[in-house]
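> As a plain string of letters, each chain reads:
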Amino acid sequence: MVNRETEPIFWTLFSAGGVVAALFLPVQLFIFGLAVPLGWMHAPAYPSMLALLHSPITRVYLFVLCSLPLFHFAHRFRYTLYDGLQIKHLNEVVFACCYGVAIVGTVAAGYLLWRL
Amino acid sequence: MSGLKEGSLHAPRSSATLPTSAASPAYTEFHPRWYRPPVSTYWWLGNWAYVKFILRELSSVAVAWTVAIILFQIRALIHGGDSYDRFEQRMSSPWMIAINVIAFGFLLMHSITWFNLAPKAMAVRIRGKRLPALLISGPQYLAWIVISVLVFVIVISRG
Chain A
26 MVNRETEPIF
36 WTLFSAGGVV
46 AALFLPVQLF
56 IFGLAVPLGW
66 MHAPAYPSML
76 ALLHSPITRV
86 YLFVLCSLPL
96 FHFAHRFRYT
106 LYDGLQIKHL
116 NEVVFACCYG
126 VAIVGTVAAG
136 YLLWRL
Chain B
403 MSGLKEGSLH
413 APRSSATLPT
423 SAASPAYTEF
433 HPRWYRPPVS
443 TYWWLGNWAY
453 VKFILRELSS
463 VAVAWTVAII
473 LFQIRALIHG
483 GDSYDRFEQR
493 MSSPWMIAIN
503 VIAFGFLLMH
513 SITWFNLAPK
523 AMAVRIRGKR
533 LPALLISGPQ
543 YLAWIVISVL
553 VFVIVISRG
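Protein chains in written order, with this note's numbering: chain A, 26 to 141; chain B, 403 to 561.
Any given hint could be a false lead.
Claimed, not checked - List of simulated lysine to any residue pairs, SDA-like, C-alpha gap at most 20 Å: (1) A:Lys113 x B:Ala470; (2) B:Lys454 x A:Pro72; (3) A:Lys113 x B:Leu447; (4) A:Lys113 x B:Lys522; (5) B:Lys454 x A:Val61; (6) A:Lys113 x B:Tyr444.
Source of the hints: derived by calculation from the structure; they are not laboratory data.
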């Protein structure tokens, strides 16, 4: 778990994920969560989206886009519960759940993008 | 007074009567366990700076939410045209749009606070002088705009 030796690893993942999330996620959610559903933007055609997904660059991009921000989430949300909501007695459970989400999400992304 | 009579003043104390005795491993003679008054769960309410801090930290939930949407989108794309149509339908339900409006607000908050924090996190010095904050956060805002436009162009060109 987190101790003096492992803390830098978790913090580096948090930091790298924070950069990826800050730079790439807003535009992603804006396009597919708001602009397309609200009709501000023409929905991209399915075949060309699938073709885009098959390009190796897109697959690497999407893997990084899914994985690192989840580790950012795990670290930050863990400390939100710990410092913010003072949930200190469930520290181990919270740790397992937060990083569990990050690992499951990373494996799911890897599996989906690898098997294409 | 009864304790004095029984001579307990000089008797070795058990760890039950003195919690910071040698029985507890964290104890050293010069580091007593500090008294920490319990902090309320809602300590951050009532001060706008603290509320902003908690909101900023909670932006991580919006990050995880967005990743979940991307994963479902990839899955729908792989499963075929019908599956992708269903994904698009789900995304245009009023509930989904309401959640995504809030999530998008949190994502913007994360980006802005993240870029503004970078100059404080890394103190870049050139010839002994600290680089102005704008020179560190500025390029990040620029990169943010360039990347966003690029993703837009790529998706629109798929229309």
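> Now tell me if each hint is right for this structure.
Taking the hints in turn, this is what the structure says about them:
{"no.": "1", "hint": "A:Lys113 x B:Ala470", "result": "violated, 27 Å"}
{"no.": "2", "hint": "B:Lys454 x A:Pro72", "result": "violated, 43 Å"}
{"no.": "3", "hint": "A:Lys113 x B:Leu447", "result": "holds, 19 Å"}
{"no.": "4", "hint": "A:Lys113 x B:Lys522", "result": "violated, 29 Å"}
{"no.": "5", "hint": "B:Lys454 x A:Val61", "result": "violated, 30 Å"}
{"no.": "6", "hint": "A:Lys113 x B:Tyr444", "result": "holds, 14 Å"}
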